[in-house]
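A.B. asks: As a plain string of letters, each chain reads:
Protein chains: 2
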Amino acid sequence: MNTVELIIKKRTGKALSKEEIIFLINSYTKGKTPDYQFSALLMAILLKGMTKAETSHLTEAMLHSGKVIDLSSIKGPKIDKHSTGGVGDKTSLILAPIVAAAGVNVPMISGRGLGHTGGTLDKLESIPGFRTDLSLKEYKSVLKKCGAVLIGQTKDIAPADKLIYSLRDVTGTVESIPLITGSIMSKKLAEGIDGLVLDVKTGSGAFMRETKDAIELANSLISTAKAFNKKVIAFITDMNQPLGDYIGNWLEVYESIKILRGEQKGDLLDLSLNLSGAMIYLGGIAGSIKRGVEIAKEQINNGKAFEKFVQMVELQGGSTKFIRHPEKYPKSKFITKLKSTKDGYVKGINTFQIGMAALELGAGRKTKTDKIDPKAGIVFKIKLGGKIKKGGVVAVLHSQSMDKINTAKEIILNAITFSKQKTTKPKLIKRIIK
Amino acid sequence: MNTVELIIKKRTGKALSKEEIIFLINSYTKGKTPDYQFSALLMAILLKGMTKAETSHLTEAMLHSGKVIDLSSIKGPKIDKHSTGGVGDKTSLILAPIVAAAGVNVPMISGRGLGHTGGTLDKLESIPGFRTDLSLKEYKSVLKKCGAVLIGQTKDIAPADKLIYSLRDVTGTVESIPLITGSIMSKKLAEGIDGLVLDVKTGSGAFMRETKDAIELANSLISTAKAFNKKVIAFITDMNQPLGDYIGNWLEVYESIKILRGEQKGDLLDLSLNLSGAMIYLGGIAGSIKRGVEIAKEQINNGKAFEKFVQMVELQGGSTKFIRHPEKYPKSKFITKLKSTKDGYVKGINTFQIGMAALELGAGRKTKTDKIDPKAGIVFKIKLGGKIKKGGVVAVLHSQSMDKINTAKEIILNAITFSKQKTTKPKLIKRIIK
Chain A
4 MNTVELIIKK
14 RTGKALSKEE
24 IIFLINSYTK
34 GKTPDYQFSA
44 LLMAILLKGM
54 TKAETSHLTE
64 AMLHSGKVID
74 LSSIKGPKID
84 KHSTGGVGDK
94 TSLILAPIVA
104 AAGVNVPMIS
114 GRGLGHTGGT
124 LDKLESIPGF
134 RTDLSLKEYK
144 SVLKKCGAVL
154 IGQTKDIAPA
164 DKLIYSLRDV
174 TGTVESIPLI
184 TGSIMSKKLA
194 EGIDGLVLDV
204 KTGSGAFMRE
214 TKDAIELANS
224 LISTAKAFNK
234 KVIAFITDMN
244 QPLGDYIGNW
254 LEVYESIKIL
264 RGEQKGDLLD
274 LSLNLSGAMI
284 YLGGIAGSIK
294 RGVEIAKEQI
304 NNGKAFEKFV
314 QMVELQGGST
324 KFIRHPEKYP
334 KSKFITKLKS
344 TKDGYVKGIN
354 TFQIGMAALE
364 LGAGRKTKTD
374 KIDPKAGIVF
384 KIKLGGKIKK
394 GGVVAVLHSQ
404 SMDKINTAKE
414 IILNAITFSK
424 QKTTKPKLIK
434 RIIK
Chain B
4 MNTVELIIKK
14 RTGKALSKEE
24 IIFLINSYTK
34 GKTPDYQFSA
44 LLMAILLKGM
54 TKAETSHLTE
64 AMLHSGKVID
74 LSSIKGPKID
84 KHSTGGVGDK
94 TSLILAPIVA
104 AAGVNVPMIS
114 GRGLGHTGGT
124 LDKLESIPGF
134 RTDLSLKEYK
144 SVLKKCGAVL
154 IGQTKDIAPA
164 DKLIYSLRDV
174 TGTVESIPLI
184 TGSIMSKKLA
194 EGIDGLVLDV
204 KTGSGAFMRE
214 TKDAIELANS
224 LISTAKAFNK
234 KVIAFITDMN
244 QPLGDYIGNW
254 LEVYESIKIL
264 RGEQKGDLLD
274 LSLNLSGAMI
284 YLGGIAGSIK
294 RGVEIAKEQI
304 NNGKAFEKFV
314 QMVELQGGST
324 KFIRHPEKYP
334 KSKFITKLKS
344 TKDGYVKGIN
354 TFQIGMAALE
364 LGAGRKTKTD
374 KIDPKAGIVF
384 KIKLGGKIKK
394 GGVVAVLHSQ
404 SMDKINTAKE
414 IILNAITFSK
424 QKTTKPKLIK
434 RIIK
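Sequences listed follow chains A and B, in order.
Sequential numbering of the first sequence, starting at 4, is according to my numbering.
Sequential numbering of the second sequence, starting at 4, is according to my numbering.
These are computed hints drawn from the structure, not numbers from a lab.
Be aware that a few hints might be false.
[Stated by the list, open to error] Covered by chain A, according to a simulated footprint, are these stretches of chain B (three or more residues, beta-carbon under 8 Å):
(1) 49 to 58
(2) 101 to 107
[Unchecked claim] Going by beta-carbon spacing under 10 Å, a handful of chain B positions derived as facing chain A:
(3) Leu9
(4) Arg14
(5) Ala18
(6) Glu22
(7) Leu137
(8) Leu139
(9) Pro162
(10) Val173
(11) Val177
(12) Ile180
(13) Asn409
(14) Glu413
(15) Asn417
The beta-carbon is built from N, C-alpha and C at its ideal position, and this holds for glycine as well.
Just chain A, same shape as in the assembly (with noise of 0.2 Å):
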C-alpha cells in the first residue's frame, strides 16, 4: 500500500477499508510513515470526515498498537466512566468509589489537564503519595482488592493515541469527530471493560460549545463502543458554569470528599449520582438507572462511599490522613474574595474563561514543564440563574502569589455577565443517549 494514494483517497472523499487504516495506523506508530505525511492525512479526515466503519477501524487500529488489559480473572462487571472534559469535573473521584461499593469494578485510566480543563491524575496527585503511575499487576491488584483503580496512560496503552495526539495538537487537528473517537475508545477499551458510561460536555467550558456537536460525538463513541460488543450509555450534560463549586486540584479532591460524605447537594451531586446510576445499571446491579441512582445513594448515606474512597487512596499509596481530615491540608498563602461590582441576576458565565483563570492561579500547566500548584484554585460562589448583590462573594481565590489571584480576578469578572431580569438555570442533564 501506498500512503500518498491512502491521503489522497480519504481527501477526495471516500472510505479507507478496514485494511488501508491499518497499514496506517500500524506505519506511523512503527515510525514508518512520516509525521508530515502523517498529519496530512488528519487534515484530510478532519476535513473529510469518517464514516462510523472507519472510525470503528480506525480505533481497533488503535486499541491494537498496544496491550488490551485482561481483566478476566477478576469477578463481577467492570464498567468505566469518560468525560470529554470541563471545568471543575471532578465526578471520577466520586463515581468510582460509590460504584465500587455498589459491587461494580472501576478500572479507570485517566488523563492531565488539557488546556483549560482539569484532569483526574493532577487531582488525585495534590493527595501526599498518591500514585497514578501503578504497573498493570499493581493496577489489577488495586481492582481486585477494592474495587477501583485510577491510573494514568501506561506506555503499554495505545501508543499509538499518544503519538496521534501529540501530532494533532501541532497540527490543527485537535477538534475531529472520529479522532476523537478513536483516542477515547482505543484507550477505554484497552482497559478491558464490559461497560463504558459517557459524559459528553456542552457549553463555554466544553470543547463542544454547541450541544448537536456533543450529541455528534456522543453518537460516535456509542456506535464505536457497540462495534466492540459493549454496554454505553450517553449523557449530555451542560457545562456552560463550573461543575460543582470547586476549581483546582486538591480543591476538588476537598469538594469530593464532601460529596462522598453526605454533605453537599447540588448539580455535582445530582451529575456523579446519575452517572454512577448509570454504571451500576450497566454492571447489572440494578434494573434501570434509577434504580441505579437509588443504590448510588445508599452508598453515600452508608458510608459505605466514602470508605471505598479511603481504601482506594490508601492502597494506591497516598495520605489518608488528609482525606479523613481534610481541614489539615495545607492552606494556599492567600484566600482572597472577590465580591461583585453590580446588582443583578447571573446571566452568562464564559466557563472556559473561568478555568484559564484557575490555570493562572497555579491550578494548571500553562506550558508543558510548568509545576502545578495542588492548593491553587477557586471556590466559585455563584451559579447562572442566581441573584448577587453588589459586594457579594463571586469567588474565593486562592494562590501563593497575590499578582496572580489579581489577574485572575480580572479574568473572572469579565468572564461573567448579569441582567437585571431573572435568568434561567441550565438543564443539567440535557439528554440521555443509549
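Starting from the known structure of chain A, fit chain B onto it as the hints suggest.
C.D. replies: Chain B only, in chain A's frame:
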C-alpha cells in the same frame, strides 16, 4: 503569529491575510516551521481553497523567498510561455527561436519531466554539450546575444517553491489550484518578464483532465499575473492525444527542427504558431494575435527561426552538428513498428498511458535517480478521427531493449480505442482567455 492558529483559521475556511501568508512561507522556508505543520496547512489549502487575493499573496511570498532577476539592462520586451505539461509537448523549443527572431526576448526557466510528461530541460540535454545550468550572469549574456535562453530553476529562484513542491509531492497535496498557481507564477515572475502566455492543457494526457478545471486554473494564473501587472493570455488546449508525432527527448528535438525548417504541418505547428503569435502580440510587435501568427510564420519561412535555434544551442554550449544534420544522431538499438490488430477509426487515446509507454522505453524517469535514454521514444503515427487498417502502423518504438519495447507495445495497444463509425478530431485550441 502562531502557526497552529493559522492552520485552524485556514481549515475553518477563513482567508489568511497577506502578513499571515508571508509569515507562514518565510517561517517554513527558513526551517522554523516543521514539515508536519506545513503539510497540514497544505491539505487545508487544498480542501478549503484560497481567494484570488490569498493566491497573489502566496505567490508574492514564494517569489520573494528568492531573487527576482533584473533584466532592465536588456532592451526590448521580455515574454515567456508556460505549459502545464503534456505528452509530446515540445513547443518551448520551437517558439523560443521564432519569437526571438521576431524581436521579442524569451527568458525561459523550464522544468524536467514529471510523471508521464516530458521536460524541456531533458529534451535540450539530449543535444550533446547543451548546458541548462547556466549561471544568472550567463543566462543574461545568452539572452542579450540571441534573444532567447532556456535554463533550469536555479537555487536563487523561488527556493520556497522547491521546498513546498517536494512536500506536496509526498503528502497528496499536488492538485490544488492556488498551490499550483503559486508554484508556477513565483518562478515565472522571478524571470523578470513583462508578459506571459499560458498553455493550460486538458484531456487524457494533461494534469487537468477536465476542461472546467483547466479553465479554473487558467483564471487563477491570469488573475495572479494581473495582480503583478503582467500582460497575460491563456490558451486552453487539447491534450487528448500526443502533440505532434514524436515523444522522447531527442525525437522531440528532431521534430522541433523539422517544424523550424518548415518541413512539417499539423497540430504541433498550429499550436506553436498560435502561442508564438500571442507572445509576439504581448511583446508589442504585432497588434493582434492573428498578426503575431503571421509574423511567426515569416520567421519560419525566411529561415531566421531555425538559425536562431542554432545560435541558442551554440551559446548554451550544445553541438550544432546534430541540429544541422539530425540524421547523424545515434540511433536506438531497436526501432520497431507497432501494427494495428484492428480496422477502424481512432476513437480514444489514453495519452497518460502513451506517456507511460515512452517512459517505459527509457524516455523518462521512474525514480528520481533513473537515467534518461535520450534516443528512446515513440513516433506516433495515428491521430484521433483518423482511419487505420489492420496491419497499419500505429507507432514506431525506439529503445535499447526489446523487453521494454514489448512492454510499451502492450501499454499502447491498451491505450487506444477504435470505432467502426467515423470519429471526430478534437478542437486543438478550446479557448483563449485574456
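A.B. asks: Now, for every hint given, state plainly whether the structure supports it.
C.D. replies: Evaluated hints:
Coverage of the region 49 to 58 of chain B by chain A holds. Counting CB-CB distances below 8 Å, 3 residues qualify, and the rule asks for three or more. Counting residues of the region 101 to 107 of chain B whose beta carbon lies closer than 8 Å to any beta carbon of chain A gives 0, which falls short of the minimum of three for the stated coverage. The criterion of a C-beta within 10 Å of any C-beta in chain A is met by leucine 9 of chain B, whose closest approach is roughly 8 Å, and the hint holds. Against a cut-off of 10 Å between C-beta atoms, the interface hint on arginine 14 of chain B holds, since the closest Cβ of chain A lies about 6 Å away.
At a threshold of 10 Å, the smallest CB-CB gap from alanine 18 of chain B to chain A is about 16 Å, leaving the interface hint violated. Annotation: glutamate 22 of chain B was flagged as interfacial toward chain A, and the flag is violated, the nearest CB pair being 19 Å apart, outside 10 Å. Interface restraint check for leucine 137 of chain B: the shortest CB-CB distance to chain A comes to about 33 Å, outside 10 Å, so the restraint is violated. Hint on leucine 139 of chain B is violated. Least Cβ distance to chain A is approximately 32 Å, over the 10 Å limit.
Hint on proline 162 of chain B is violated. Least Cβ distance to chain A is approximately 18 Å, over the 10 Å limit. With its C-beta approaching chain A no nearer than about 6 Å, valine 173 of chain B sits inside the 10 Å limit, and its interface hint holds. Hint on valine 177 of chain B holds. Least Cβ distance to chain A is approximately 9 Å, under the 10 Å limit. Hint status for isoleucine 180 of chain B: violated, given a least beta-carbon distance of 14 Å to chain A, over 10 Å.
Proximity of asparagine 409 of chain B to chain A is violated relative to the hint, the smallest CB-CB distance being about 26 Å (cut-off 10 Å). For the restraint placing glutamate 413 of chain B at the interface with chain A, the shortest Cβ-Cβ distance is roughly 23 Å, beyond the 10 Å limit, so the hint is violated. Taking 10 Å as the C-beta cut-off, the interface hint given for asparagine 417 of chain B is violated, the closest approach to chain A being about 21 Å.
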